[in-house]
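Novice: The primary structure of each chain is shown beneath.
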Amino acid sequence: MSENPLIRLLDVSKVYHLESGDFTALNHVSLDIMENEFVAIMGPSGSGKSTMMNQLGILDVPTTGELHIDGRNVAKMTPLERTHMRRDTIGYVFQKFYLIPLLSAYENVEYPLILRYKHRDTSGKAAAVLKSVGFDEEMSSHRPNQLSGGQQQRVAIARALVNEPKIILCDEPTGNLDRKTGIQIMDLLVDLHQKGKTVILVTHDPKIAEYAHRTIQLDDGRVVAS
Amino acid sequence: MRDIFFDLSVRSVRLNFMRSLLASIGIVIGVVAISSMGMLGANMQLSVKQQLSSDVNTVMISSDVVRTSTTTGTPSTSQGVTKSQLNDIKNAAGTNVVIPIHRTNTQFTIGSTNGRGSIYGFEPNDIEKFLTLSTGDIPRGANDAVVGSNIATNFNLVVGSRIKIGPPNTEERPTVRVSGILPARGFASDGINTDNAIIVPDTWYTNQYGNKDVYDQVNVIVKNVDTIGDVETAIDEKVNRKTQVIRIADASSRLTSITQTLGTITTFILAIGGISLVVAAVSIFNVMMMSVTERVHEIGILLSIGTEKGEVRRMFLYEAFILGLIGSVVGGICSLVIGYSVVSAMIGNTAYFFMPDSIMYVPYGMVIGIVVCVISGLYPAWKASNMDPIDALRSE
Chain W
549 MSENPLIRLL DVSKVYHLES GDFTALNHVS LDIMENEFVA IMGPSGSGKS
599 TMMNQLGILD VPTTGELHID GRNVAKMTPL ERTHMRRDTI GYVFQKFYLI
649 PLLSAYENVE YPLILRYKHR DTSGKAAAVL KSVGFDEEMS SHRPNQLSGG
699 QQQRVAIARA LVNEPKIILC DEPTGNLDRK TGIQIMDLLV DLHQKGKTVI
749 LVTHDPKIAE YAHRTIQLDD GRVVAS
Chain S
4 MRDIFFDLSV RSVRLNFMRS LLASIGIVIG VVAISSMGML GANMQLSVKQ
54 QLSSDVNTVM ISSDVVRTST TTGTPSTSQG VTKSQLNDIK NAAGTNVVIP
104 IHRTNTQFTI GSTNGRGSIY GFEPNDIEKF LTLSTGDIPR GANDAVVGSN
154 IATNFNLVVG SRIKIGPPNT EERPTVRVSG ILPARGFASD GINTDNAIIV
204 PDTWYTNQYG NKDVYDQVNV IVKNVDTIGD VETAIDEKVN RKTQVIRIAD
254 ASSRLTSITQ TLGTITTFIL AIGGISLVVA AVSIFNVMMM SVTERVHEIG
304 ILLSIGTEKG EVRRMFLYEA FILGLIGSVV GGICSLVIGY SVVSAMIGNT
354 AYFFMPDSIM YVPYGMVIGI VVCVISGLYP AWKASNMDPI DALRSE
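Quick note, the sequences are listed as chains W and S, same order.
The opening position of the first sequence corresponds to residue 549 in this note's numbering, with each subsequent residue numbered one higher.
The opening position of the second sequence corresponds to residue 4 in this note's numbering, with each subsequent residue numbered one higher.
Hints are not guaranteed to be accurate.
[Stated by the list, open to error] Listed next, the stretches of chain W that the computed footprint assigns to chain S, with coverage defined by at least 3 CB atoms under 8 Å from CB atoms of chain S: (1) 603-615; (2) 619-631; (3) 653-667.
Note that these hints are calculated values from the structure, not bench results.
Glycine residues also receive a C-beta, built at the ideal position from the N, C-alpha and C atoms.
From just these sequences and the hints, can you work out the full model?
Specialist: Quick look at the structure:
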């Protein structure tokens with residue numbers, strides 16, 4: 549394994565204790581992801597892709613094994629430290645955009661800045677990031693339900709980027725978009741990668757996976773190709 | 004610029020306007036109940052206090068039962084304040100007003116109607132020192148009398164009416180002429196209850212009942228109420244030199260007792276008003292739980308992108324606070340109107356309504372309303388902040 553990976557999984561397993569018995573979603577997974585990699589995680593339904601994303605997004609912790617992100621062992625971090633790492637180090641782009649419905653497009657992008665700096669954005673950064681992802685400035689005051697899917701995903705990417713995270717996690721980012729808009733969004737992710745971001749995306753679409761430089765294949769909770 | 008979590012709460016309240024409005028109505032009712040009941044109690048206390056405080060500067064002196072030895076050694080009893088004791092009282096009282104009082108009960112006849120009441124004997128000029136007439140004048144002639152409001156009303160007396168004093172079967176009864184009528188005085192803490200009384204000159208009284216130099220009671224009206232204790236001590240030292248011959252009292256202890264009782268009653272009715280606020284609290288709790296349930300997915304988003312648990316809690320507590328604030332402000336305004344009506348209807352006197360002791364129940368009620376709302380929002384806020392973001396995101 550490499551010396552200083554941005555993300556390192558060491559023998560990571562995730563077991564869910566269900567009434568029907570224990571279910572192993574990730575089974576002794578070990579892998580490294582280096583800074584400025586563009587990685588696609590693929591696999592059939594139930595292969596553990598979402599569980600892997602939850603681990604990488606620190607929404608969950610491994611049952612066994614170690615997950616290191618940016619040099620820190622996630623299991624040894626306090627819940628508040630994990631929250632701050634989600635806020636500052638990771639930008640999450642969801643398939644269904646998951647914008648905050650009560651906030652405008654601009655406020656959705658401004659929100660992570662407020663979380664980090666504890667005050668409203670007066671630097672114009674939120675507007676600049678929104679512009680950088682090709683979002684129409686005139687639509688900034690619109691609520692998410694007034695935007696198209698492509699516009700919502702651009703806002704979601706802007707929100708993920710605004711705190712300048714090292715890692716961009718994308719869970720089926722084009723899954724809810726038409727082909728043309730999907731290509732635009734992927735071009736945006738390629739551009740981010742070229743600007744130095746580490747992009748990890750989960751997809752079941754081989755054509756989307758082709759944008760990545762490395763594909764990790766999961767099956768039955770195990771890495772079968774990397 | 005405003006806190007974004009406050010903005011989110013405001014928008015959530017606006018989005019669920021009707022539900023928020025209904026929940027706030029509960030708080031409005033609670034605040035109105037507490038404030039109105041509080042103001043009612045306070046006005047009762049202030050009213051009674053004012054009524055009794057008008058006599059609180061009066062020292063009442065009556066005779067203790069005194070055993071004296073005669074030259075033959077036979078014990079006898081005396082039950083009045085003597086002339087010499089009165090002089091001692093006057094000396095001790097200094098410049099304060101001293102009013103000697105004769106008093107007994109009597110039957111009387113007005114026209115063909117018989118009645119019963121108290122009869123007081125005063126030096127006529129003393130009457131004006133503590134009583135105000137509603138009609139007529141103080142007694143100028145030897146057979147003039149002033150009557151209380153109840154007697155005047157019940158027997159249709161006017162200035163110039165005649166009253167025969169004494170039992171009806173007495174052959175020759177003295178007659179007095181009404182020279183003045185007193186207004187209703189109610190229960191007077193200075194011991195002079197005039198509503199069912201006839202007040203005659205002291206000379207007329209002693210001519211009829213004797214006891215010229217013995218008084219049933221002596222009142223000292225103290226000019227400065229703060230010196231009442233000193234005056235009582237001076238009289239006590241002057242008159243009760245060797246043995247306890249007179250009893251000295253004032254209305255302050257009675258006033259304290261009545262005020263305490265009314266305070267207890269106020270607390271009790273406040274507690275009854277508080278029940279409606281408990282009901283409102285349950286309603287707010289319910290609304291907040293609904294808000295959390297409906298926004299599980301949104302909470303999931305907030306938590307997954309790095310919102311701290313405390314910030315999620317704050318957002319829901321703001322929402323509870325906003326509901327409480329709306330309910331309390333509306334409730335406070337309604338309290339002024341309803342409280343005024345209640346006080347007016349129950350006490351019949353709104354003179355004390357805007358006094359600080361009364362009106363303070365409006366901000367009290369409002370603060371309690373807001374606090375109750377925020378407390379009701381604690382559990383829902385805690386529940387929201389402790390959600391698992393993965394489960395919350397799945398809950399679409």
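Novice: Of all the hints given earlier, name the ones this structure violates by number, lowest first.
Specialist: none
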